[in-house]
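Participant: These are the residues of each chain, in order.
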Amino acid sequence: MIWLTWRQHRGELLLIGGILTALAAILIVTGAQIATTYQQLGVAACVAHPAANSNCGQIIGGFDDQFGWMRSAVGWLNLLPALIGILVGAPLVARELEHSTQRLVWTQSVTRARWLMVKLLGVFVMCLLASAILTALLAWWRAPFATLQGSFSPDGFDLVGIVPLAYMAFALALGIAAGTLLRRAIPAMVVTLGGFLAVRLPILTWVRPYYLPPLTVNWDPTQLRISPVSRADWQFSQNFVDAHGHTLSDPQAYSACAGVQTKGDFFQCLHTHHWLIALVYQPANRFWLFQGIETAIFVALTLALISLTIWWVRWRIS
Amino acid sequence: MTLTPTSLPATVGHADTAAVPAIATRELGKRYGRSWALRDCTLTLPAGRVAALVGPNGAGKTTLLHLLVGLLTPSAGEALVFGQNPATQAKSVLPRIGFVAQDHPLYKGFTVADMLMMGRRLNPHWDDAIASARLRKLAIPLDRRVGKLSGGQQAQVSLALALAKRPDLLILDEPVASLDPLARRDFLRTLSSAVEEQGVTVLLSSHIIADLEQVCDYLIILAESQERLSGAIPAIQGAHRLITGPRGDAATLAGIAAHATVIEEHQTLRQTTLLARLHDEMQPPNLPMPWQITEAPLEEIVLAYLGQPLPAESPSADEEMSAPTTYTTTTEDIR
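First to last, the protein sequences are chains A and B.
Residues 1150 to 1467 in the numbering used here are what the first sequence spells out, letter by letter.
Residues -5 to 329 in the numbering used here are what the second sequence spells out, letter by letter.
What the hints contain is simulated information worked out from the structure, not anything from laboratory work.
As the structure is a prediction and not an experimental result, all values here were calculated from the model.
Where is the CB? At the ideal position from N, CA and C, for every residue including glycine.
Hints are not guaranteed to be accurate.
Cβ pair distances, simulated, as ranges [to be verified]:
#1 B:D122 x A:W1461: 28 to 36 Å
#2 A:G1224 x B:G52: 49 to 57 Å
#3 B:K102 x A:L1438: 48 to 56 Å
Computed, partial: chain A to chain B, Cβ under 7 Å [unchecked claim]:
#4 L1153
#5 T1250
#6 R1252
#7 T1260
Generate coordinates for the entire structure from the input sequences, incorporating the hints supplied.
Facilitator: Okay, here's the thing in structure tokens:
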């Protein structure tokens, strides 16, 4: 059975190997470049002792100008699980059903339950292994950016830690389940892409920020020069509040302080009105808790899809 | 419902395993939504037979075969293969069955050698020599991709795979339907010789009756899910006669009815042709001139039973499903 799984899917596995190798090569080359520049420009020193050099703002800005686009480009790796779900997951059962070969393989001496188990184990182990290697490499690659932006905001969170493996497992299970239920590989591929985005994006936008109630801190910039929300925290909004904590609209605040020249004057103006800036954020120490919750959600979805697939294969296909 | 062998009909009960029928179904049914693909099917195939399962398209042949190999689970009744339930005891039933599905599916991207490797890896009783000897004899190259073989060769590879499993029961679903006449003949020859060598029980479905006589020694006629007739082919042929005589000879017809059951009656303007089943082979009806009695070709017998209306059915709950189509056996058509 293991031999059969290998023989049937060696093409896909070679493809994954190829994609992984190419990505690894790109990441290693660019990552080395980023790490060197990070040292040479003095970004590392600035991060260690922000007060030591008055040019730190400029230095960090320069570093970001040079490599910020790479950080954004790496965001496309979020689609990699969907790609694997489409290429490996969707055809896994669907291709058998399209060619009626399930009637050949299920009437050998191996029960279909075992047939499915070995196949699932085989592709899950291979794809999760690839995902783990890539995630580890990406963590090294992102390390310089992580010191500047942290890893809690979505462009970091989605690519590091344990969630990438959960996304990979979910995309695979979705592809396999879609292929099993739809019995056709191409429609299953479309459903896999659509389904993956339809789950990932709403959770990212509307669910993840509220795994725990966000914290709010009221900041008076004239008292405290640096925002109390650090770069490692995940801040999602800021707005003006009066002394009683009631929210002011932005135009209200800006019209009251119209005519000020500098940021400092604006802050002073806010201060004279007894107005504060309310910052809503998730603190950095919740990072692993949030990773755990998000992983649990996607693992639960994965298990549900796999159970559905197993049930369907056992009872609904002949 | 207990699925132990003791719930089988009378034949079982001995320690003598030869008495366990290769196939026994009891009121077997498969329903999809509200329509029954197979219903109330009770039949037995003794071990050691090479049986043809004959019936029109849509009679439920494929459904029946899929139930027997465990690809489907019954909605009603039970199917037993060598006394075991293929749906619930797949682990012990599957190694004993060789199955060639309709259109003989194979992995088209595999080489023939890959297909044999699959058989070796997936079957405990696999015998490589059987498969490779058979393929060598047919000059099918092992390093050729399956997709590049002709339809006939693919059918032969499927058969070789099923035989190398060394099954006790070989089930073939319309194995020759998609083959040209030459490939069909070759396939059936291979099957015959394999059956002789391996002594395997065979059930093969077909709607082409002429081909089956050279291979099969047993016949099961299935129409609208029901077993219409089953038995050894020589016995069936021995019991049936084709009787022709002038039309409107009521006295002779009454005489025939005393010795035989008329399965089908066909009338032209001047002639009456009957296909009848003798009550006793030793006592055919005495017929006056110009009546003639001859052996009936197997195909005629099969067609007669397929055209026969269902026996008066016991009324069942949902009448609209089971209501048999009404046939008129006496056709007044002019040919």
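Participant: Would you mind marking each hint as holding or not holding in the structure?
Facilitator: Quick rundown of the hints versus the structure:
Taking the beta carbon of each, D122 of chain B and W1461 of chain A are about 35 Å apart, inside 28 to 36 Å as hinted. Taking the beta carbon of each, G1224 of chain A and G52 of chain B are about 56 Å apart, inside 49 to 57 Å as hinted. As the Cβ distance of K102 of chain B to L1438 of chain A is approximately 50 Å, the hint placing it in 48 to 56 Å holds. The criterion of a C-beta within 7 Å of any C-beta in chain B is met by L1153 of chain A, whose closest approach is roughly 5 Å, and the hint holds.
Below 7 Å, beta-carbon pairs count as interface contacts, and T1250 of chain A has one with chain B at about 5 Å; its hint therefore holds. Of the supplied interface hints, the one on R1252 of chain A holds, with its beta-carbon coming within about 4 Å of a beta-carbon of chain B, less than 7 Å. Below 7 Å, beta-carbon pairs count as interface contacts, and T1260 of chain A has one with chain B at about 5 Å; its hint therefore holds.
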